[in-house]
Amino acid sequence: MCLAIPAKIVELFPEEENRALVEVVGVRRHIDTGLLSDDPPKTGDWVLIHVGFAMSKISEAEALDQIQTLTMLGEQQAALEEVEGYGLGET
Amino acid sequence: MKYVDEFREAGVIAKASEEIRRLADPGRHYRLMEVCGGHTHAIYRFGLKDLLPPNIELVHGPGCPVCVLPMGRIDDGLSMAEDPNVIFTAFGDMMRVPGTQGSPLEHKARGMDVRIVYSPTDALKLAHKNPGRHVMFFAIGFETTAPSTALILKRAKEQGLRNFSVFSNHVTIIPAIRAILDSPDMRLDAFIGPGHVSTVIGCRPYEWIARDQHRPIVVSGFEPVDILQSIVMILAQLKAGESKVENQYKRVVPWEGSRPALRAMAEVFELRPYFEWRGMGFISQSALKIRESYAPWDAEQRFQVPGVRVTDPKAAQCGEVLKGVLKPVQCKLFGKECTPERPVGALMVSSEGSCAAYYNYEHRKAAAFTSIGAPV
Numbered sequence: 018m019c020l021a022i023p024a025k026i027v028e029l030f031p032e033e034e035n036r037a038l039v040e041v042v043g044v045r046r047h048i049d050t051g052l053l054s055d056d057p058p059k060t061g062d063w064v065l066i067h068v069g070f071a072m073s074k075i076s077e078a079e080a081l082d083q084i085q086t087l088t089m090l091g092e093q094q095a096a097l098e099e100v101e102g103y104g105l106g107e108t
Numbered sequence: 002m003k004y005v006d007e008f009r010e011a012g013v014i015a016k017a018s019e020e021i022r023r024l025a026d027p028g029r030h031y032r033l034m035e036v037c038g039g040h041t042h043a044i045y046r047f048g049l050k051d052l053l054p055p056n057i058e059l060v061h062g063p064g065c066p067v068c069v070l071p072m073g074r075i076d077d078g079l080s081m082a083e084d085p086n087v088i089f090t091a092f093g094d095m096m097r098v099p100g101t102q103g104s105p106l107e108h109k110a111r112g113m114d115v116r117i118v119y120s121p122t123d124a125l126k127l128a129h130k131n132p133g134r135h136v137m138f139f140a141i142g143f144e145t146t147a148p149s150t151a152l153i154l155k156r157a158k159e160q161g162l163r164n165f166s167v168f169s170n171h172v173t174i175i176p177a178i179r180a181i182l183d184s185p186d187m188r189l190d191a192f193i194g195p196g197h198v199s200t201v202i203g204c205r206p207y208e209w210i211a212r213d214q215h216r217p218i219v220v221s222g223f224e225p226v227d228i229l230q231s232i233v234m235i236l237a238q239l240k241a242g243e244s245k246v247e248n249q250y251k252r253v254v255p256w257e258g259s260r261p262a263l264r265a266m267a268e269v270f271e272l273r274p275y276f277e278w279r280g281m282g283f284i285s286q287s288a289l290k291i292r293e294s295y296a297p298w299d300a301e302q303r304f305q306v307p308g309v310r311v312t313d314p315k316a317a318q319c320g321e322v323l324k325g326v327l328k329p330v331q332c333k334l335f336g337k338e339c340t341p342e343r344p345v346g347a348l349m350v351s352s353e354g355s356c357a358a359y360y361n362y363e364h365r366k367a368a369a370f371t372s373i374g375a376p377v
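Read top to bottom, the protein sequences are chains L and R.
With the numbering used here applied, the first sequence corresponds to residues 18 to 108, in that order.
With the numbering used here applied, the second sequence corresponds to residues 2 to 377, in that order.
The hints are simulated quantities; they were obtained by calculation from the structure and are not laboratory data.
Any given hint might turn out to be false.
Unchecked claim - Calculated pairs, DSSO-like style, for lysine-lysine (alpha carbon to alpha carbon, straight line, at most 30 Å): (1) L/K25 <-> R/K290; (2) R/K126 <-> R/K290; (3) R/K16 <-> R/K337; (4) R/K155 <-> R/K126; (5) R/K315 <-> R/K290; (6) R/K328 <-> R/K315; (7) R/K333 <-> R/K315; (8) L/K74 <-> R/K251; (9) R/K50 <-> R/K333; (10) R/K155 <-> L/K74; (11) R/K290 <-> R/K16; (12) R/K50 <-> R/K337; (13) R/K328 <-> R/K290; (14) R/K333 <-> R/K155; (15) R/K251 <-> R/K16; (16) R/K126 <-> L/K59; (17) R/K158 <-> L/K59; (18) R/K158 <-> R/K290; (19) R/K155 <-> L/K25; (20) L/K59 <-> L/K25; (21) L/K74 <-> R/K158; (22) L/K59 <-> R/K155; (23) L/K74 <-> R/K126; (24) R/K290 <-> L/K74; (25) L/K74 <-> R/K109; (26) L/K59 <-> R/K251; (27) R/K50 <-> L/K25; (28) R/K109 <-> R/K126; (29) L/K25 <-> R/K337.
All figures in this text were calculated on a predicted structure; none of them were measured in a lab.
Turn these sequences into a full structure, and let the hints guide you.
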């Protein structure tokens, strides 16, 4: 429950201010950016996601470190499964 | 050790490990608690204990939301879903957690409509897709997860969505730390502070630990080098006779936390007067209740909640393990009656629980990691 997944924002939706399309190791899913409303992310930014919500903006270097940590923890599969499951598994 | 050898910063790790040996007084025994279950998992997975001198003991704290949830709450949640019109939704980690009549997954096998969601927004989506049914979301988690639940409750209200509710089992970390520190048999010297909880609450809420309880606390990241550096920072404080809140995970955790997340939580939730924690008993003001202004979306108000109480088996010594009085293996049930496959006590329930982590990595060293409820 404590781990967060780094993701890159690939698309924002002007008509839906809290939605973003992100990419996590090749998987694209929609996430909610409502918890970053004071400083909304831009396309190309990296964020840490937890249960489908962006929790914090991070640097690209930090994102790559976090991906490595997930891999070392043996959690990359669980992380991918979680991200694939967002949106009830529909793309 | 194998994982650490593979780590790209092997040199930095060796240096941190040396620094720890230099700072640690060989005549003193140190007990440091890592509060967060994610840290517990990382410590075992990376074999970090092997890098520490024997007089530094890591005590595994209460920061595993699945572990600390009393069995009665699972029974309560499942009882709401006995109504065939209800769709029971929860995160995957909840699915194999046993209630007295079995886990949510076992209830599904008996015909109950139980579904895994990976995000609370998907529970909301299910409610939109099934206007004739009621979707109940069984919410668990510390402050990392509670803001997400708060936001979907706000959306449900804004959208006037009437076939959706949340059964809140959200808990807060500070009162649990306080309960541990107040316990008469407490023997901790310092804390490794939770990483992702702190992205939400920031570092200020820990100040009393340093000021009033004179114990260092260092908010830490999850990489091996983060955890070791946090231990270095703790030992340096102890050596200097200081107790401060420090932030090792500055690159992710802002000192003030996340204002939007705190605002959402404050709008939707209020503190319960008390809440039961598995293995720790009742802790006052330690959990989040949905405010009256959100009553139509509060499952506890919409459904008859039996309020089941299931006492932890007396032989299980979860409380002593949580406080660092006993190591997991010193509990009478460990590895015998209580295993990850058939957990008796709270800490064996999730792979982030200290007993399950100990069992999976130490007790069953060569075996594959067959956890119950892998962390999300």
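Taking the hints in turn, this is what the structure says about them:
Pair hint L/K25 plus R/K290 does not hold up; C-alpha atoms about 34 Å apart against a cutoff of 30 Å. Restraint check: the Cα-Cα separation between R/K126 and R/K290 comes to about 23 Å, which is no more than 30 Å; the hinted pair holds. For the hint pairing R/K16 with R/K337, the CA-to-CA distance comes to about 39 Å; that exceeds 30 Å, so the pair is violated. With a C-alpha separation of about 14 Å, the suggested pairing of R/K155 with R/K126 holds against the 30 Å cut-off.
Straight-line distance between C-alpha atoms of R/K315 and R/K290 comes to about 29 Å, which keeps the hinted pair within the 30 Å bound. Straight-line distance between C-alpha atoms of R/K328 and R/K315 comes to about 17 Å, which keeps the hinted pair within the 30 Å bound. A distance of roughly 11 Å separates the Cα atoms of R/K333 and R/K315; the hinted pair therefore holds under the 30 Å criterion. Of the pairs offered as hints, the one joining L/K74 and R/K251 holds, with about 12 Å between alpha carbons and a cut-off of 30 Å not exceeded.
Proximity of R/K50 to R/K333 is assessed by CA-CA distance (about 23 Å); at most 30 Å being required, the pair is judged to hold. Pair hint R/K155 plus L/K74 holds up; C-alpha atoms about 23 Å apart against a cutoff of 30 Å. Between R/K290 and R/K16, the direct Cα distance comes to roughly 46 Å. Violation of the 30 Å bound is thereby established for this hinted pair. Proximity of R/K50 to R/K337 is assessed by CA-CA distance (about 24 Å); at most 30 Å being required, the pair is judged to hold.
About 33 Å separates the Cα atoms of R/K328 and R/K290, which puts this hinted pair outside 30 Å; it is violated. Simply put, R/K333 and R/K155 have alpha-carbon atoms about 46 Å apart, too far for the 30 Å limit, and the pair is violated. Proximity of R/K251 to R/K16 is assessed by CA-CA distance (about 21 Å); at most 30 Å being required, the pair is judged to hold. Restraint check for R/K126 and L/K59: the C-alpha separation of about 25 Å stays at or below 30 Å, so the hint holds.
A threshold of 30 Å between alpha carbons decides the hint, and for R/K158 with L/K59 the separation of about 28 Å falls inside it, so the pair holds. With a C-alpha separation of about 16 Å, the suggested pair R/K158 and R/K290 falls inside the 30 Å cut-off, and the hint holds. At most 30 Å may separate the alpha-carbon atoms for a hinted pair to count; R/K155 and L/K25 meet this at roughly 26 Å. Of the pairs offered as hints, the one joining L/K59 and L/K25 holds, with about 10 Å between alpha carbons and a cut-off of 30 Å not exceeded.
A hinted pair counts as satisfied when its Cα atoms are at most 30 Å apart, and L/K74 with R/K158 qualifies at roughly 28 Å. With a CA separation close to 24 Å, the supplied pair L/K59 and R/K155 stays within the 30 Å bound. Using a Cα cut-off of 30 Å, the hinted pair L/K74 and R/K126 holds, with the two alpha carbons roughly 26 Å apart. Annotation: proposed proximity of R/K290 to L/K74 holds, straight-line Cα distance about 29 Å (limit 30 Å).
The straight-line distance between the Cα atoms of L/K74 and R/K109 is roughly 38 Å, outside the 30 Å bound, and the hint therefore fails. Proposed proximity of L/K59 and R/K251 is supported: the alpha carbons are some 21 Å apart, at most 30 Å. With a CA separation close to 34 Å, the supplied pair R/K50 and L/K25 exceeds the 30 Å bound. Proposed proximity of R/K109 and R/K126 is supported: the alpha carbons are some 20 Å apart, at most 30 Å.
For the hint linking L/K25 to R/K337, the alpha-carbon distance of about 45 Å lies beyond 30 Å, and the restraint is violated.
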